[in-house]
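Engineer: My request is simple: use the sequences and hints to build the entire structure.
2 protein chains.
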Amino acid sequence: MAVQATASFSKLFLSRLMHQYPATLDREGVSGKRVASRLAQLSKIGLTEQQGSHRMSFSDEERAAKELVKVWMKEAGLSIYEDGAGNVFGTLQGKDQEQSILSGSHLDSVPNGGHFDGPLGVLAALEVAQAWQETDYVPETNFEVVVFTDEEGARFNGGLTGSRAMAGEIDMANQVKLKDFNGKSFEKVLEDHQLTLKGFSGSKRSLNKVKAYVEVHIEQGKQLEERNLSTGVVTGIAGPSWLTITFKGDAGHAGNTPMPGRIDPLVAAGEFVLRLKDLPEQVSPSGVATVGKLEVTPNGVNVIPGEVKLTADIRDIDEQWKNQIVAKARALIQEVEEKHGVAVDVQETLNVTPVKLPETMQQIAAEATEQVTGKKAYHLPSGAGHDAMVMGRYVPTAMLFTNSKDGISHNPKEWSTLEHCVETIHALKKTLEAIDQKDRSELL
Amino acid sequence: MAVQATASFSKLFLSRLMHQYPATLDREGVSGKRVASRLAQLSKIGLTEQQGSHRMSFSDEERAAKELVKVWMKEAGLSIYEDGAGNVFGTLQGKDQEQSILSGSHLDSVPNGGHFDGPLGVLAALEVAQAWQETDYVPETNFEVVVFTDEEGARFNGGLTGSRAMAGEIDMANQVKLKDFNGKSFEKVLEDHQLTLKGFSGSKRSLNKVKAYVEVHIEQGKQLEERNLSTGVVTGIAGPSWLTITFKGDAGHAGNTPMPGRIDPLVAAGEFVLRLKDLPEQVSPSGVATVGKLEVTPNGVNVIPGEVKLTADIRDIDEQWKNQIVAKARALIQEVEEKHGVAVDVQETLNVTPVKLPETMQQIAAEATEQVTGKKAYHLPSGAGHDAMVMGRYVPTAMLFTNSKDGISHNPKEWSTLEHCVETIHALKKTLEAIDQKDRSELL
Numbered sequence: 555m556a557v558q559a560t561a562s563f564s565k566l567f568l569s570r571l572m573h574q575y576p577a578t579l580d581r582e583g584v585s586g587k588r589v590a591s592r593l594a595q596l597s598k599i600g601l602t603e604q605q606g607s608h609r610m611s612f613s614d615e616e617r618a619a620k621e622l623v624k625v626w627m628k629e630a631g632l633s634i635y636e637d638g639a640g641n642v643f644g645t646l647q648g649k650d651q652e653q654s655i656l657s658g659s660h661l662d663s664v665p666n667g668g669h670f671d672g673p674l675g676v677l678a679a680l681e682v683a684q685a686w687q688e689t690d691y692v693p694e695t696n697f698e699v700v701v702f703t704d705e706e707g708a709r710f711n712g713g714l715t716g717s718r719a720m721a722g723e724i725d726m727a728n729q730v731k732l733k734d735f736n737g738k739s740f741e742k743v744l745e746d747h748q749l750t751l752k753g754f755s756g757s758k759r760s761l762n763k764v765k766a767y768v769e770v771h772i773e774q775g776k777q778l779e780e781r782n783l784s785t786g787v788v789t790g791i792a793g794p795s796w797l798t799i800t801f802k803g804d805a806g807h808a809g810n811t812p813m814p815g816r817i818d819p820l821v822a823a824g825e826f827v828l829r830l831k832d833l834p835e836q837v838s839p840s841g842v843a844t845v846g847k848l849e850v851t852p853n854g855v856n857v858i859p860g861e862v863k864l865t866a867d868i869r870d871i872d873e874q875w876k877n878q879i880v881a882k883a884r885a886l887i888q889e890v891e892e893k894h895g896v897a898v899d900v901q902e903t904l905n906v907t908p909v910k911l912p913e914t915m916q917q918i919a920a921e922a923t924e925q926v927t928g929k930k931a932y933h934l935p936s937g938a939g940h941d942a943m944v945m946g947r948y949v950p951t952a953m954l955f956t957n958s959k960d961g962i963s964h965n966p967k968e969w970s971t972l973e974h975c976v977e978t979i980h981a982l983k984k985t986l987e988a989i990d991q992k993d994r995s996e997l998l
Numbered sequence: 555m556a557v558q559a560t561a562s563f564s565k566l567f568l569s570r571l572m573h574q575y576p577a578t579l580d581r582e583g584v585s586g587k588r589v590a591s592r593l594a595q596l597s598k599i600g601l602t603e604q605q606g607s608h609r610m611s612f613s614d615e616e617r618a619a620k621e622l623v624k625v626w627m628k629e630a631g632l633s634i635y636e637d638g639a640g641n642v643f644g645t646l647q648g649k650d651q652e653q654s655i656l657s658g659s660h661l662d663s664v665p666n667g668g669h670f671d672g673p674l675g676v677l678a679a680l681e682v683a684q685a686w687q688e689t690d691y692v693p694e695t696n697f698e699v700v701v702f703t704d705e706e707g708a709r710f711n712g713g714l715t716g717s718r719a720m721a722g723e724i725d726m727a728n729q730v731k732l733k734d735f736n737g738k739s740f741e742k743v744l745e746d747h748q749l750t751l752k753g754f755s756g757s758k759r760s761l762n763k764v765k766a767y768v769e770v771h772i773e774q775g776k777q778l779e780e781r782n783l784s785t786g787v788v789t790g791i792a793g794p795s796w797l798t799i800t801f802k803g804d805a806g807h808a809g810n811t812p813m814p815g816r817i818d819p820l821v822a823a824g825e826f827v828l829r830l831k832d833l834p835e836q837v838s839p840s841g842v843a844t845v846g847k848l849e850v851t852p853n854g855v856n857v858i859p860g861e862v863k864l865t866a867d868i869r870d871i872d873e874q875w876k877n878q879i880v881a882k883a884r885a886l887i888q889e890v891e892e893k894h895g896v897a898v899d900v901q902e903t904l905n906v907t908p909v910k911l912p913e914t915m916q917q918i919a920a921e922a923t924e925q926v927t928g929k930k931a932y933h934l935p936s937g938a939g940h941d942a943m944v945m946g947r948y949v950p951t952a953m954l955f956t957n958s959k960d961g962i963s964h965n966p967k968e969w970s971t972l973e974h975c976v977e978t979i980h981a982l983k984k985t986l987e988a989i990d991q992k993d994r995s996e997l998l
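Each protein sequence line maps, in turn, to chains A and B. Residue 583 in the working numbering is what sits at position 29 of the first sequence, and the numbering runs on without skipping anything. Residue 956 in the working numbering is what sits at position 402 of the second sequence, and the numbering runs on without skipping anything.
Hint data in this document are derived by calculation from the structure and do not stem from the laboratory. There's no promise every hint is true.
One copy or any two copies: either way a pair holds, since identical chains are not told apart in the list.
Straight-line alpha carbon distances no greater than 27 Å define the calculated BS3-like cross-link-like pairs of lysine-lysine that follow [as the list claims (entries may be wrong)]:
{"no.": "1", "residue 1": "Lys-863", "residue 2": "Lys-802"}
{"no.": "2", "residue 1": "Lys-959", "residue 2": "Lys-802"}
{"no.": "3", "residue 1": "Lys-802", "residue 2": "Lys-831"}
{"no.": "4", "residue 1": "Lys-742", "residue 2": "Lys-802"}
{"no.": "5", "residue 1": "Lys-910", "residue 2": "Lys-731"}
{"no.": "6", "residue 1": "Lys-967", "residue 2": "Lys-863"}
{"no.": "7", "residue 1": "Lys-831", "residue 2": "Lys-893"}
{"no.": "8", "residue 1": "Lys-802", "residue 2": "Lys-967"}
{"no.": "9", "residue 1": "Lys-984", "residue 2": "Lys-959"}
{"no.": "10", "residue 1": "Lys-910", "residue 2": "Lys-831"}
{"no.": "11", "residue 1": "Lys-649", "residue 2": "Lys-802"}
{"no.": "12", "residue 1": "Lys-565", "residue 2": "Lys-802"}
{"no.": "13", "residue 1": "Lys-731", "residue 2": "Lys-624"}
{"no.": "14", "residue 1": "Lys-930", "residue 2": "Lys-733"}
Predicted model, so just to flag it, every value in this text is computed and none were measured.
Structural biologist: Set out below in structure tokens:
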């Protein structure tokens, strides 16, 4: 995109953000204009023809975004450290420097994604640090604004790379086998960005020194919008289980094959899709199950299908609950198999362990949200994965969602009003201040 | 395909046909070897790499096949006439030449089709003529072996062109607008094969002079095979109604959208597919309904679909029955629309009037089949269209089906044993002899 078009988009983006922003939200050191201006400046990096964001992980664009954030970190008086995985930490020194509270998110995007997914969480944490700095609030422990590398996983079909590297979760033997969309090895990609395998694996950090992690992220759903709320408190991060299910039957001519005796895999698949939707509610209020992809072979108007391949995406914030829904889905598959005489093959292609966030952390975030918004806090699960899912396994973790317009995400149309963003930033600030007053042991 | 490979396929095809052929079927002038040899010779014309038949309508291959059949017609003592649509008639003179009994089928194929769909019906009629000739049977009326042009419709996405032209059913104003897969106009295609528009429209023939039409065709289904029968009596030809149905819902993230409130068009489509299969049996034993094609948008593992487009192919041999099934399908669509909150669009993309074949003609064919096979005749509908569907609107018509191995058709694997073919030819011969003894008025 031409430089001029990029600049004019950024200007428009900023003025759209500022439109009807209530100046009363600029208080206690938090500046809506500053947040908006930084979102607008980041939007220029990797701007696409469709006015989306294209900042692939380990790309020049992700790097440029990190460098820009580092400039702002310095402006906020933070000292900067970058680990071997490219995770960036901006530290505001606390009274006791033994422990740290972390908050942040990521700056990489999916191809042609939006301008809020990631940047909002980074800028929210940075805004709190800068507000503290400007209002002379010195936290009890260090406060680190973090930018995690490669959250989206668009490059190596993985994701959460920076946070997993920091947690020491990455199996390097497997990691080095990865190739990106250009066939470039993981090591070569690191080298191209002045990183090394050794440095990458050395980015593991002792997480018992981290007192808490709090992440702000857009909801990417419609629950807050439907309830007219700016901010929500996340109950847990639902790890997905993916099943690929193939129903095989007898293809035949749609005219010359009588109904009795047909073995039609699409009829079997139809029953599965219809009944799968009723399974989550039998287990939990947070479970979801979706058939998103379905392919018919040979897919001709006058041919009874021979094969139907579909995927089931099953999620819940509690592992046992998720496993129960998966078990019910498998039982349903078997019932459908017997009833319709089809042959069925089931492959589990993904199984991510979900993470429930601690009640105490939710409570702190809920009280902060209620103070800021004057409305009863709304708790909701996160269906998508976030760095908070990794951190939540080791560290007392909370997550705040910001209202997403129309629930649209991973799309240039992604939008949250500045009013909603800043309300969430105030809630984050109060959450962090409350955490700052407690011991780590009180948070779990 | 190289000449040598073609010759060697044809040899193999012949020896496979002759394998275990019971010589006792060679009687009353009918020769299995002659039928097999002619099928094998026709198989060379348009033979594909996959050993299928590729004889597009109005092509050099269809022309060559017609010319070869004309040679055999002469050998059988028939006088040959070709009309302006390229339909070929070989006439065995009867005692009274005012009327004719017609029997035949077509020589064109679908792309890479089989070697029986069409040729068997032409060679069966020819075999009866030759058997009569050799046994000095002189029919009461003329007997015409007919080769209809362009039954399959692979060239202009139409079909039944020769029989419809003879019946005067073709609207020339529309016909001249057609273009083939190369963008060549209908008129140009005719010209390339020494035909003219004027001659084509002049091929209409007075069908009240046709006493009866009887067509032999492979079943293209498994009903005869499942019952271990060589020959079946067709009750009617089921015209299809095609509906294209689009279900629209709300796309969303499979993780971040709670189950309550979802509007998932694939769930709605699943219920439609599942319940559609139960509708035909509520109306008739011959009705069928099939969803053969289904496409999901955007079709991503973790995305609730926004749109599902599918086709329903509904057929019956009785127009009222078919209309009743279509009406039930439309009511089901409405029920599903209301239940799941989706928006639905329904388009009827095809509606061919089915043709019931007269009971008297079925009875004659059934008695002939029982005499030949010694088994009770099996009546079944034809789900696919045939020239007999066109003829059946004007002329007392019967149709005999020959057992299709595994129900496979429109495929190089298409197969019928010579034993089954010749049994059907004997049944055809007896059917035609019975018809020959009756007045036209007795046949309806």
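Engineer: Next step is simple, just say for each hint if it's right about the structure.
Structural biologist: Verification of the supplied hints:
Taking the closest pair of Cα atoms, Lys-863 and Lys-802 come within 27 Å of each other both inside a single copy (9 Å) and across two copies (21 Å). In this homomeric assembly, Lys-959 and Lys-802 come within 27 Å of each other (Cα to Cα) only across copies, at 21 Å, whereas the closest approach inside a single copy is 41 Å. Taking the shortest alpha-carbon separations for Lys-802 and Lys-831, both the intra-copy value of 22 Å and the inter-copy value of 17 Å come in at or below 27 Å. Neither within a single protomer nor between protomers do Lys-742 and Lys-802 lie at most 27 Å apart by alpha-carbon distance, with minima of 43 Å and 45 Å respectively.
Taking CA atoms no more than 27 Å apart as the test, Lys-910 paired with Lys-731 passes in neither setting, with 31 Å inside one copy and 66 Å between copies. Taking CA atoms no more than 27 Å apart as the test, Lys-967 paired with Lys-863 passes between copies only; the shortest distance there is 25 Å, against 31 Å inside one copy. Taking the shortest alpha-carbon separations for Lys-831 and Lys-893, both the intra-copy value of 19 Å and the inter-copy value of 14 Å come in at or below 27 Å. When the C-alpha separation of Lys-802 and Lys-967 is checked against a cutoff of 27 Å, the pair qualifies only between copies, where the shortest distance is 20 Å, while the shortest distance within a copy is 39 Å.
In this assembly of identical chains, Lys-984 and Lys-959 lie within 27 Å of each other by CA distance solely inside one copy; the values are 25 Å within and 76 Å between copies. Only within a single protomer do Lys-910 and Lys-831 lie at most 27 Å apart by alpha-carbon distance; the minimum there is 23 Å, versus 44 Å between protomers. Taking identical chains as interchangeable, the C-alpha atoms of Lys-649 and Lys-802 are never at most 27 Å apart, the minima being 66 Å within one chain and 58 Å between chains. Taking the shortest alpha-carbon separations for Lys-565 and Lys-802, neither the intra-copy value of 55 Å nor the inter-copy value of 36 Å comes in at or below 27 Å.
In this homomeric assembly, Lys-731 and Lys-624 never come within 27 Å of each other (Cα to Cα): the closest approach is 31 Å inside a single copy and 68 Å across copies. For the homomeric pair Lys-930 and Lys-733, neither the shortest alpha-carbon distance inside one copy (47 Å) nor that between copies (67 Å) is at most 27 Å.
The earlier numbered hints that this structure contradicts are 4, 5, 11, 12, 13, 14.
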